[in-house]
Amino acid sequence: LMQAFGGGLVQAGGSLRLSCAASGSISNIKVMGWYRQAPGEQRELLAAITSEGTTNYADSVKGRFTISTDNAKNTGFLQMNSLKPEDTAVYYCNAETLRVGIPIIHWGRGTQVTVSS
1 LMQAFGGGLV QAGGSLRLSC AASGSISNIK VMGWYRQAPG EQRELLAAIT SEGTTNYADS
61 VKGRFTISTD NAKNTGFLQM NSLKPEDTAV YYCNAETLRV GIPIIHWGRG TQVTVSS
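Take the sequence shown: its position 67, counting from 1, is numbered 67 in this note's numbering, and each next residue is one higher.
Bear in mind the hints are in silico, worked out from the structure with no lab data behind them. Heads up, none of these hints are tricks.
Simulated pairs of lysine-lysine, DSSO-like, Cα-Cα distance not exceeding 30 Å:
hint: 1; residue 1: Lys84; residue 2: Lys62
hint: 2; residue 1: Lys30; residue 2: Lys62
hint: 3; residue 1: Lys73; residue 2: Lys62
hint: 4; residue 1: Lys73; residue 2: Lys30
Put together the whole structure using the sequences plus the hints.
Structural data, given as structure tokens:
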């Protein structure tokens with residue numbers, strides 16, 4: 001199970017740093033991703049990072065958000081700067097592992113981020 005935390009209420013232009021922790025049963029994460037879902041909208045992929053450190057970002061957050069990991073601790077982070085009201089959503093992290101060569105996606109609880117104008 002993945003657990004995202006660190007959300008909260010912030011003013012537009014402010015910053016937040018989200019963390020993502022994997023339960024003890026999850027190890028050897030190949031890819032970690034951050035998503036968000038606003039009310040009435042589909043879940044959106046924001047950023048992903050491989051175990052080798054390759055990153056990808058959605059255009060909506062490129063240049064403002066930075067994804068990183070601490071592989072030794074199976075922990076991920078999402079640094080969010082220059083936040084906008086449209087960034088308001090529940091933020092989730094996930095992790096992809098391999099079991100006998102088959103990818104498994106692990107989800108967990110999200111954390112609410114609210115950006116006030």
